[in-house]
Structure formats: C-alpha cells, structure tokens
Amino acid sequence: DTGVSQDPRHKITKRGQNVTFRCDPISEHNRLYWYRQTLGQGPEFLTYFQNEAQLEKSRLLSDRFSAERPKGSFSTLEIQRTEQGDSAMYLCASSPSVRDGPSYEQYFGPGTRLTVT
Amino acid sequence: AQSVTQPDIHITVSEGASLELRCNYSYGATPYLFWYVQSPGQGLQLLLKYFSGDTLVQGIKGFEAEFKRSQSSFNLRKPSVHWSDAAEYFCAVGASAGTALIFGKGTTLSVSS
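Quick note, the sequences are listed as chains A and B, same order.
According to our numbering, the residues represented by the first sequence are 1 to 117, in order.
According to our numbering, the residues represented by the second sequence are 1 to 113, in order.
A few of these clues could be false.
Unchecked claim - Straight line, CA to CA, 30 Å or less: simulated DSSO-like cross-link-like pairs of lysine-lysine:
#: 1; chain 1: B; residue 1: K61; chain 2: A; residue 2: K57
#: 2; chain 1: A; residue 1: K57; chain 2: B; residue 2: K105
#: 3; chain 1: A; residue 1: K57; chain 2: A; residue 2: K11
#: 4; chain 1: A; residue 1: K14; chain 2: B; residue 2: K105
#: 5; chain 1: B; residue 1: K61; chain 2: B; residue 2: K105
#: 6; chain 1: A; residue 1: K57; chain 2: A; residue 2: K71
#: 7; chain 1: B; residue 1: K68; chain 2: B; residue 2: K49
#: 8; chain 1: A; residue 1: K71; chain 2: A; residue 2: K11
#: 9; chain 1: B; residue 1: K68; chain 2: B; residue 2: K105
#: 10; chain 1: B; residue 1: K105; chain 2: B; residue 2: K49
#: 11; chain 1: B; residue 1: K68; chain 2: A; residue 2: K11
#: 12; chain 1: A; residue 1: K57; chain 2: A; residue 2: K14
Claimed, not checked - Now the in silico label distances, taken between C-beta atoms and shown as ranges:
#: 13; chain 1: A; residue 1: R81; chain 2: B; residue 2: T55; range: 19 to 27 Å
#: 14; chain 1: A; residue 1: G72; chain 2: B; residue 2: G41; range: 24 to 32 Å
#: 15; chain 1: B; residue 1: E64; chain 2: A; residue 2: G85; range: 17 to 25 Å
In case anyone wonders, no lab produced these hints; they're calculated from the structure.
Cβ atoms here follow ideal geometry from the backbone N, Cα and C, with glycine treated the same way.
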C-alpha cells in the first residue's frame with residue numbers, strides 16, 4: 001500500500017507566477033486535505049474534499065488559491081500571482097471511510113516546499 | 001474555538017533518558033487527540049491517537065500518551081529515547097471525524113549522546 005504522494009517536492013518560482021501542486025492520496029481514501037506549514041509553525045488547514053466535493057475552505061485560502069479534485073482521486077492546488085508570503089510547505093493528507101462514516105485518522109504526504117523569490 | 005498549545009519549543013534529552021512532551025488543548029466537548037512526528041524533509045507520521053476509552057494510549061516506536069480531561073492535557077511519553085527519535089513533534093486536535101485538524105506549533109526534540 002503506497003502512501004500519499006505529492007509532486008513536485010520542491011518548487012522555486014518568481015513572484016507573480018502561477019504554480020500548481022499535485023497530490024495523489026492513498027487508494028480508496030475518499031477524503032483529501034490540504035494544509036500549509038510555515039517555518040516554526042504547525043500545519044494550518046486550507047481545504048478538504050470528500051470525493052470530488054470541496055466541503056470546507058479556510059479563510060487562509062485567499063482568492064488566489066484554488067483546489068480541485070475532479071474525479072475524486074488526485075487533487076491539485078493552484079496558487080495564482082504568487083507572493084513571497086506564499087513560501088511554505090504545502091502538505092496533503094488523505095483519510096479513509098470506515099463503516100459508520102469518515103475516519104479520524106489522516107495520513108500525510110511528504111509535502112511540496114514552495115519558495116517564492 | 002479549538003486550540004492546541006505545546007509549551008516547549010525545544011527540548012534536549014540524553015540518549016536512554018525518559019521523555020515527556022507537553023500538550024494542552026482547548027475544546028468544549030470530548031476532543032479527538034493525536035500526536036504526529038515529522039523528521040526533516042518528511043511528512044507527518046501518526047504516532048498515536050485518542051478517541052475514547054482508556055486514557056493511556058500506546059503508539060508506535062514505543063511512545064505512549066495520557067489523556068487527562070481535568071488538566072486538558074495529552075502529554076507524550078517515552079521511557080528511553082533513542083538518537084533516531086530526534087525530530088519535531090506535533091500535537092493535534094480534531095472536532096469530529098473527517099474534519100480539519102488543529103495543530104500546535106510543535107516541539108523540536110534533540111537527543112544528545
């Protein structure tokens with residue numbers, strides 16, 4: 001059973017450029033989460049999906065951020081017009097369903113480190 | 001609103017010594033509590049979790065944690081630390097299944113020989 005994978009692992013971009021990250025969850029995990037982690041901080045929630053439906057978005061997710069999960073499998077997170085403050089580790093996690101509903105456990109990928117110069 | 005406090009930013013422990021990392025949470029109902037570990041360049045690995053029942057929970061790599069409702073705490077312990085335990089440790093709380101986790105700022109553990 002492979003874990004959550006994220007691509008790319010590192011991204012360096014210039015301010016004002018658009019970037020897109022991909023997350024492949026664990027097979028058959030129907031919930032997928034995006035978090036952002038800055039230096040010296042714990043992960044902060046951005047958004048999550050159940051299958052292809054985006055169920056919740058944090059106020060941290062400005063208009064420049066958009067996330068999709070078109071077929072309920074992999075997800076993409078796009079940041080438009082990047083700013084230096086967007087420099088962070090972007091973490092993806094997935095979670096299975098159990099008999100009575102969603103699981104509490106979230107399994108994290110290795111993250112994509114974004115540096116905006 | 002939920003919140004998690006990890007009072008210790010950085011702890012250094014001698015190899016073979018015992019370890020306790022503190023975590024305090026703020027949440028009105030029964031929380032769902034987690035400890036994750038993050039090694040440099042790696043994602044977060046789940047060490048253990050508490051949902052209900054026995055307040056002393058066992059996890060992977062020899063870690064355990066005790067839920068104390070009266071103190072709103074969920075401290076992580078290990079009786080004998082190994083050099084490979086050096087990493088960053090995060091406590092997290094969830095309000096309900098399938099929703100976002102709220103993380104503390106983390107405690108960095110260094111292990112001295």
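Evaluated hints:
1. K61(B) with K57(A): Outside the cut-off at roughly 34 Å; violated.
2. K57(A) with K105(B): Answer holds: K57(A) to K105(B) is near 21 Å, not above 30 Å.
3. K57(A) with K11(A): Holds, at about 24 Å.
4. K14(A) with K105(B): holds (28 Å)
5. K61(B) with K105(B): Judged against 30 Å, a Cα distance of about 22 Å means the pair holds.
6. K57(A) with K71(A): holds (19 Å)
7. K68(B) with K49(B): Roughly 14 Å separates the two Cα atoms, so the pair holds.
8. K71(A) with K11(A): Holds. K71(A) to K11(A) sits at ~25 Å (cutoff 30 Å).
9. K68(B) with K105(B): holds (20 Å)
10. K105(B) with K49(B): Roughly 18 Å separates the two Cα atoms, so the pair holds.
11. K68(B) with K11(A): Violated, because 42 Å separates the two Cα atoms, which is more than 30 Å.
12. K57(A) with K14(A): It holds: about 26 Å lies between the C-alpha atoms, which stays within 30 Å.
13. R81(A) with T55(B): 19 to 27 Å: violated (49 Å)
14. G72(A) with G41(B): 24 to 32 Å: holds (29 Å)
15. E64(B) with G85(A): 17 to 25 Å: Given a distance of about 39 Å, which is not inside 17 to 25 Å, the answer is violated.
Checked against the numbered hints given earlier, the structure breaks hints 1, 11, 13 and 15 and satisfies all the rest.
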